[in-house]
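J.: Combine the two chains into a complex, taking the hints into account.
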Amino acid sequence: MAEEYVIVIFPSTHHALKAERVAGEKGIDVKMIPVPREISSDCNMGMRVSCEDEEAARTVLEESNVQCEFVPWLV
Amino acid sequence: MEVYLDNAATSRRKPEAVYEAMGRFMRETGASPGRSVHGPGIEAGRIVAGARERAAGLFGIDDDSRVVFTLNCTEALNLAIKGILKEGDHVVTTSMEHNSVMRPLSAMTGERDVSVTRVQADGDGIVDPDDMERAMTPETALVVMTHASNVTGSIQPIEECGRIAREHGIPLLVDAAQTAGCLPIDLSSLPVDLLAFSGHKGLMGPQGTGGLYVGEGIELAPLKQGGTGSNSSEEYQPDILPDRYESGTPNTPGLAGLGAALGFILDETVEAIREKTKKAGGMLADGLRGVDCVRTYGPPDMERNVGNFSFAVEGRDIAETAHALESGYGIMTRVGLQCSPSAHRTIGTFPGGTIRASIGHFTTEEDVAHFLGSLEDLCSG
Chain A
1 MAEEYVIVIF PSTHHALKAE RVAGEKGIDV KMIPVPREIS SDCNMGMRVS CEDEEAARTV
61 LEESNVQCEF VPWLV
Chain B
1 MEVYLDNAAT SRRKPEAVYE AMGRFMRETG ASPGRSVHGP GIEAGRIVAG ARERAAGLFG
61 IDDDSRVVFT LNCTEALNLA IKGILKEGDH VVTTSMEHNS VMRPLSAMTG ERDVSVTRVQ
121 ADGDGIVDPD DMERAMTPET ALVVMTHASN VTGSIQPIEE CGRIAREHGI PLLVDAAQTA
181 GCLPIDLSSL PVDLLAFSGH KGLMGPQGTG GLYVGEGIEL APLKQGGTGS NSSEEYQPDI
241 LPDRYESGTP NTPGLAGLGA ALGFILDETV EAIREKTKKA GGMLADGLRG VDCVRTYGPP
301 DMERNVGNFS FAVEGRDIAE TAHALESGYG IMTRVGLQCS PSAHRTIGTF PGGTIRASIG
361 HFTTEEDVAH FLGSLEDLCS G
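Chains as they are written, first to last, in the numbering used here: chain A, 1 to 75; chain B, 1 to 381.
Errors might be hidden in some of the hints.
Below are the DMTMM-like pairs computed for lysine to aspartate or glutamate, each with C-alpha atoms no more than 25 Å apart in a straight line [claimed, not checked]:
id: 1; chain 1: A; residue 1: 26; chain 2: B; residue 2: 53
id: 2; chain 1: A; residue 1: 26; chain 2: B; residue 2: 63
id: 3; chain 1: A; residue 1: 31; chain 2: B; residue 2: 6
id: 4; chain 1: A; residue 1: 26; chain 2: B; residue 2: 43
id: 5; chain 1: A; residue 1: 26; chain 2: B; residue 2: 6
id: 6; chain 1: A; residue 1: 26; chain 2: B; residue 2: 28
id: 7; chain 1: A; residue 1: 31; chain 2: B; residue 2: 111
id: 8; chain 1: A; residue 1: 31; chain 2: B; residue 2: 267
id: 9; chain 1: A; residue 1: 31; chain 2: B; residue 2: 53
id: 10; chain 1: A; residue 1: 31; chain 2: B; residue 2: 64
id: 11; chain 1: B; residue 1: 279; chain 2: B; residue 2: 53
id: 12; chain 1: B; residue 1: 276; chain 2: B; residue 2: 286
Residues on chain B that point at chain A, a partial pick, calculated with CB under 10 Å [to be verified]:
id: 13; residue: 29
id: 14; residue: 33
id: 15; residue: 35
id: 16; residue: 36
id: 17; residue: 234
id: 18; residue: 242
Over the 12 Å line for every Cβ pair with chain B, so calculated as not near, a few chain A residues [stated by the list, open to error]:
id: 19; residue: 4
id: 20; residue: 29
id: 21; residue: 33
id: 22; residue: 42
id: 23; residue: 43
id: 24; residue: 51
id: 25; residue: 54
id: 26; residue: 58
id: 27; residue: 59
id: 28; residue: 60
Think of the hints as simulated: they come from the structure by calculation, not from any bench. Every value quoted in this text rests on a predicted model; they were computed, and no experiment measured them. Glycine residues also receive a C-beta, built at the ideal position from the N, C-alpha and C atoms.
Looking at chain B on its own, in the form it has when it is part of the complex (with noise of 0.2 Å):
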């Protein structure tokens, strides 16, 4: 039995539509979209614009051309990071942060004389917003943070969080690399400016997709210049979006692929794919709580996490056990720092860090009891 327990990285398995629109793409369309104008052409055209409109679809965003597409999540929080901070800034984030933050603030730092104060969260890596506002100051020109940690999958109070930034007038730009497609996302009520997602995790599309809203009044510069098959006699990068932050030409099959996953899942809608992983991670944590040689981080119950769980075993390394749940069990699972030095610190685990179990969509009770009895099993052995 082969049990995948990785979809914070990424996830494994995709609807079969996306297989089939990339295919299709590939075999043929194959052109290149929004520059040249012959039926192909056209054709990849409208297969990015139906991408986009699912996406602003997805998450309540009234205008689509503020969704712009980038190669990841990562690239979507340097674009935003990057983009909108100026020589002395203030910034404030949480203990919690991926370094896909962590890194563009310290560059930041280095390059911009940009200051950072790093909100601490409590034991289950969840931030208090009354800290949050504490550390606001009159020069901070960014409020950056996780919606749920990759590590612990800690659900953070974000809309409390951006409350208080805009009464403040500053913008909040929201990490949701852990929760586009797993948690409900409406910015038509969201107080968020900005919001990163990963296309490749919870919303079930290709590696190498990603992108940034871009909320209204925001002016970022962008990571890049380039053709854009728009305003072309000109030299200098046009104003207009999406094209201002996407030059060059795109990764059309993945787009293919991401809208065709974002299909599936505004048809399945992320409140049931939130139900179906409720139960699932609900018997997870309590399974692992009950394994008598497991010590666990994070919240325990689904209404605080996203889905993922850090555990280690007793008495034994984290690699060599994550190395004997996958020879021994199938078991595929994450072990280390999960690129998040500073959430480890928070929970107490760095820098040996932790295994981590994160489920998905396509998860089963079914994985989850072979996972839990594998457990059980190494411990006894």
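Chain A with its partners taken away, still in its complex shape (with noise of 0.2 Å):
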């Protein structure tokens, strides 16, 4: 069965990274995974989220000031 997903994109492997590091801060359960061709992106390395932690991500990104767009995905 298809389940829903976010992928966070950004400009580059070092937002990524910092994205890592402040979601992970946040006990926020994150995967770094290459960013399907779909969804293009600037930078290869995009971030999955769950639905459910979609927004405590948007917060803690937004707080660090990290670029960042959110893509729904279905895998």
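T.: Pasting the structure below:
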């Protein structure tokens, strides 16, 4: 069965890894993945977040000034 | 006994964590950071990101994307100088600069018709901020100065110079090759727009590492273009930092070591490291002045000296003296012009140069005592 996630994409790996760190510090479960080519993006490295954690992730990334974009994704 | 007093060139011994981190990266991680999104690739990226965060933390930099890693401090200075200067610009610098500043400036004089005013330092190798201000003109596009001399250890008044430069709307580039990891540098309060640092001297990381802090609002043309792992659909260099200035696969084993070194320094604190070097340096400076046959140059007090001491032995060739110190007593110093002809002109030791004894975090009082005793012995012999 397809599962819905949110993929967070970034302008560079620096931003992706900063997002991983700050989200991890808040206890949010994230997974760094290659960004699906359909989404494309500037940076190969994306961050997968569950839909339940989306709001928490948005909040912490905004607080930490990490440039990013959230894209809904079915796996 | 072996005594290493060439820390101004590079710190020879490193914290144990540096060797471990580099070995671990080489044996276990080994992948390319920032490009490949598999386990080891992501881990390599984390290692580089961790080093960057720690460098930003050490220097009081809020946005760590503004820390750009380079091959060394020289590359960072080249990026800053060549990236900012345009045709016909004017630069203010000091008479105490290393060739890593003077040579890029000379190149810019030839290639871009840049004019340079070299402000004369005093006999101790320290510039007067008022003289720096008098040299600034409406055409001045950059003030570049060393934080401390690699020849005499002289600590420059970068805070006052930065404040004056800001009043004139001119960015200040500081060459922190001799001071990063040795003196506290807090860019959240210091008026510094660009700071070039070495990773392998006071920061105690491996050779092949360095970096440049690029302040908010400072735009530099990149020194090189290439793959960054970002914006890959475009054939133009991305604008985003740090990628804009970091093309090609970096020195990840080196950055793994630098990250560990920075962790060591953050734990120890620069303040505590400075207290320690002040003690050993004070002992060395006092002792040097107490040896009859020795002539010293530069500030003799550790309030104005980062820990580099230039000297000569009366009536003896400096190269021969330095060789005798190593072959007879196991003491490693640096002899000659130390790549800083302008600084030697300032203190009156050009073209012969001096012997330089430079201390570091791992220099002990026993090392200093052995050095001083050996000099006494040489003089009496």
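J.: Hey, does the residue 35(B) contact hint survive, CB to chain A under 10 Å?
T.: Nearest chain A Cβ about 7 Å off; hint holds.
J.: Quick one, are residue 31(A) and residue 267(B) close enough, alpha carbons at most 25 Å?
T.: Not OK: residue 31(A) and residue 267(B) at ~30 Å, beyond 25 Å, violated.
J.: Checking a non-interface call: every C-beta of chain B should be farther than 12 Å from the C-beta of residue 58(A). Is that right?
T.: Residue 58(A) clear of chain B: closest Cβ-Cβ about 20 Å, beyond 12 Å.
J.: Verify the proposed pairing of residue 279(B) with residue 53(B), using a straight-line Cα cut of 25 Å.
T.: violated, 31 Å
J.: Please work out if residue 26(A) and residue 6(B) have their alpha carbons no farther apart than 25 Å.
T.: Violated - the C-alpha atoms of residue 6(B) and residue 26(A) are around 45 Å apart, more than 25 Å.
J.: With the threshold set at 25 Å, check whether the alpha-carbon distance from residue 26(A) to residue 28(B) stays at or below it.
T.: Distance of about 28 Å is beyond 25 Å: violated.
J.: Within 25 Å, alpha carbon to alpha carbon, are residue 31(A) and residue 53(B)?
T.: Measuring from Cα to Cα gives roughly 21 Å; hence the hint holds.
J.: Would the pair residue 26(A) and residue 53(B) pass a check requiring their Cα atoms to be no farther apart than 25 Å?
T.: holds, 18 Å
J.: So residue 43(A) supposedly isn't at the interface. Is its beta-carbon more than 12 Å from every beta-carbon in chain B?
T.: Non-interface label fails for residue 43(A): nearest chain B Cβ at 5 Å, not farther than 12 Å.
J.: Next item in the hint list is residue 36(B). Is there a CB on chain A closer than 10 Å to its CB?
T.: holds, 8 Å
J.: Would the non-interface assignment of residue 4(A) survive a Cβ cutoff of 12 Å against chain B?
T.: Non-interface label stands for residue 4(A): nearest chain B Cβ at 21 Å, farther than 12 Å.
J.: So if I understand the rule, the pair passes when the alpha-carbon distance is 25 Å or less; does residue 276(B) with residue 286(B) pass?
T.: Within the cut-off at roughly 16 Å; holds.
In summary, the structure is inconsistent with hints 3, 5, 6, 7, 8, 11, 13, 21, 22, 23 from the numbered list given earlier, while agreeing with the others.
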